Amino acid sequence: MIKVLHFSNKPAFPMVDGGCVAISSVLKSLLSSKNIDVFHFALSTHKHPFDASNYPETWCSRMKMDAQFINTKTDLFGAVFHLFKNKSYNISRFYDKKVSARIEEIIKEQNIEVVFCESIYTLPYIDLFKKYKLKIILRAHNVEHEIWKQLGEQPGFLLKKWYYNKLSNQLKRYELKQLKRVDGIIAISEEDALFFQQFEPNVRVTAIPTAVKTNFSEPDYKLNDFYFLGAMDWKPNQEGVDWLLKEVLPEGIKGSTLSIAGKSLAKNEIDHPSVICEGEVQNALNFIQSHGICLIPMHSGSGIKIKLLENLAMGKPIITTSEGVRGVDVEHNKEVMIADDPESFREAMYTMHMESSKRKVLGQAGKKFVINNFGEEKITRRLIAFIEEI
0 MIKVLHFSNK
10 PAFPMVDGGC
20 VAISSVLKSL
30 LSSKNIDVFH
40 FALSTHKHPF
50 DASNYPETWC
60 SRMKMDAQFI
70 NTKTDLFGAV
80 FHLFKNKSYN
90 ISRFYDKKVS
100 ARIEEIIKEQ
110 NIEVVFCESI
120 YTLPYIDLFK
130 KYKLKIILRA
140 HNVEHEIWKQ
150 LGEQPGFLLK
160 KWYYNKLSNQ
170 LKRYELKQLK
180 RVDGIIAISE
190 EDALFFQQFE
200 PNVRVTAIPT
210 AVKTNFSEPD
220 YKLNDFYFLG
230 AMDWKPNQEG
240 VDWLLKEVLP
250 EGIKGSTLSI
260 AGKSLAKNEI
270 DHPSVICEGE
280 VQNALNFIQS
290 HGICLIPMHS
300 GSGIKIKLLE
310 NLAMGKPIIT
320 TSEGVRGVDV
330 EHNKEVMIAD
340 DPESFREAMY
350 TMHMESSKRK
360 VLGQAGKKFV
370 INNFGEEKIT
380 RRLIAFIEEI
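Numbering follows this note's numbering, with no gaps: position 351 of the sequence shown is 350.
Derived from the structure by calculation, the hints contain no laboratory data. Given the structure is predicted, the values throughout are model-derived calculations rather than measurements. Hints may contain errors.
What the hints assert, rightly or not - No farther apart than 27 angstroms at their CA atoms in a straight line, the calculated lysine-lysine pairs in the DSS-like style are these:
(1) Lys130 to Lys160
(2) Lys212 to Lys72
(3) Lys134 to Lys179
(4) Lys234 to Lys72
(5) Lys148 to Lys130
(6) Lys266 to Lys72
(7) Lys165 to Lys46
(8) Lys96 to Lys46
(9) Lys33 to Lys46
(10) Lys212 to Lys171
(11) Lys97 to Lys33
(12) Lys148 to Lys97
(13) Lys63 to Lys176
(14) Lys86 to Lys165
(15) Lys96 to Lys86
(16) Lys107 to Lys96
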């Protein structure tokens, strides 16, 4: 029996964003193995507070779990201080001595052998893991510095672009330093895995995507309105929606509407002639099923966009960008429609809105693609095998 500490930078539940979905997917896989004893430890923050009652009862009965609150709020002094120290402010916000002390207690009490770290934001505690000679597996949700680099390349104020590039460089330096110290890296996409292998060839690296549920009933392909669902406290989502509303739809959508919902979004917060702003929704599944065409207007990010896989798995017709499908081998006009400039995105929206047969063909092809490549059983076997071989 392998004693595994599953350490996440936020709770797995409620699944309010793609990161939570990815964390819960791994946790579900770990709990399915008879050879792994799991202790789940999560950081609780103002954005993602921990509440054990949000976890499925069947999961709670099969693992030990705990959480520790940590203040990750940003402030001007901290940002300026780390800017002059030339250290990553993004990373430093996730370290706390109380968290370190609690993790050390867990390691000793539970005789932990392997720590499974969800994202680089759990690696500020790597010295502690090394102290107890634990095997360290990093689940890299993204190549984090790439996100900030891409944001810095977007049009905008020069000072903001400069600051994003500074954050990117600091994160890159931190990422590359810590890659050398882990025993294994599980990237979320083949593209990310190649990056990690290039910079640290001596560490074992594999690409295992997030497993997704596929047992959904067929959607209503008569629905031809549009929707976006995503956490609005994440920069790539903010930038994507801003581009969609200002560049693609400055005059609205003739004959249709766009419903927008997501974490950290207030109801009616967005003022736009065609937008129905629903704010945070309690049931994401109901929201998706009640609307027609999924829009994923991403222009930055790394790894695989969980929202893409979830909507593909539900058989929804999707319009996205090249960045939105990054790491997923779907094709334009086969499983999704891909458009990178405002004019072609508008044209794709018009086509999808008008043609119910296209909505159905693409939606069904997308679901078949996910079943063949991201099914839970297949992904779980690969994940457990990697852990057992470390």
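Each hint tested on the structure:
no.: 1; hint: Lys130 to Lys160; verdict: violated, 39 angstroms
no.: 2; hint: Lys212 to Lys72; verdict: violated, 33 angstroms
no.: 3; hint: Lys134 to Lys179; verdict: holds, 13 angstroms
no.: 4; hint: Lys234 to Lys72; verdict: holds, 15 angstroms
no.: 5; hint: Lys148 to Lys130; verdict: violated, 33 angstroms
no.: 6; hint: Lys266 to Lys72; verdict: holds, 23 angstroms
no.: 7; hint: Lys165 to Lys46; verdict: holds, 24 angstroms
no.: 8; hint: Lys96 to Lys46; verdict: holds, 20 angstroms
no.: 9; hint: Lys33 to Lys46; verdict: violated, 34 angstroms
no.: 10; hint: Lys212 to Lys171; verdict: violated, 33 angstroms
no.: 11; hint: Lys97 to Lys33; verdict: violated, 32 angstroms
no.: 12; hint: Lys148 to Lys97; verdict: violated, 32 angstroms
no.: 13; hint: Lys63 to Lys176; verdict: violated, 32 angstroms
no.: 14; hint: Lys86 to Lys165; verdict: holds, 10 angstroms
no.: 15; hint: Lys96 to Lys86; verdict: holds, 18 angstroms
no.: 16; hint: Lys107 to Lys96; verdict: holds, 17 angstroms
Consistency note: the structure conflicts with the earlier hints numbered 1, 2, 5, 9, 10, 11, 12, 13.
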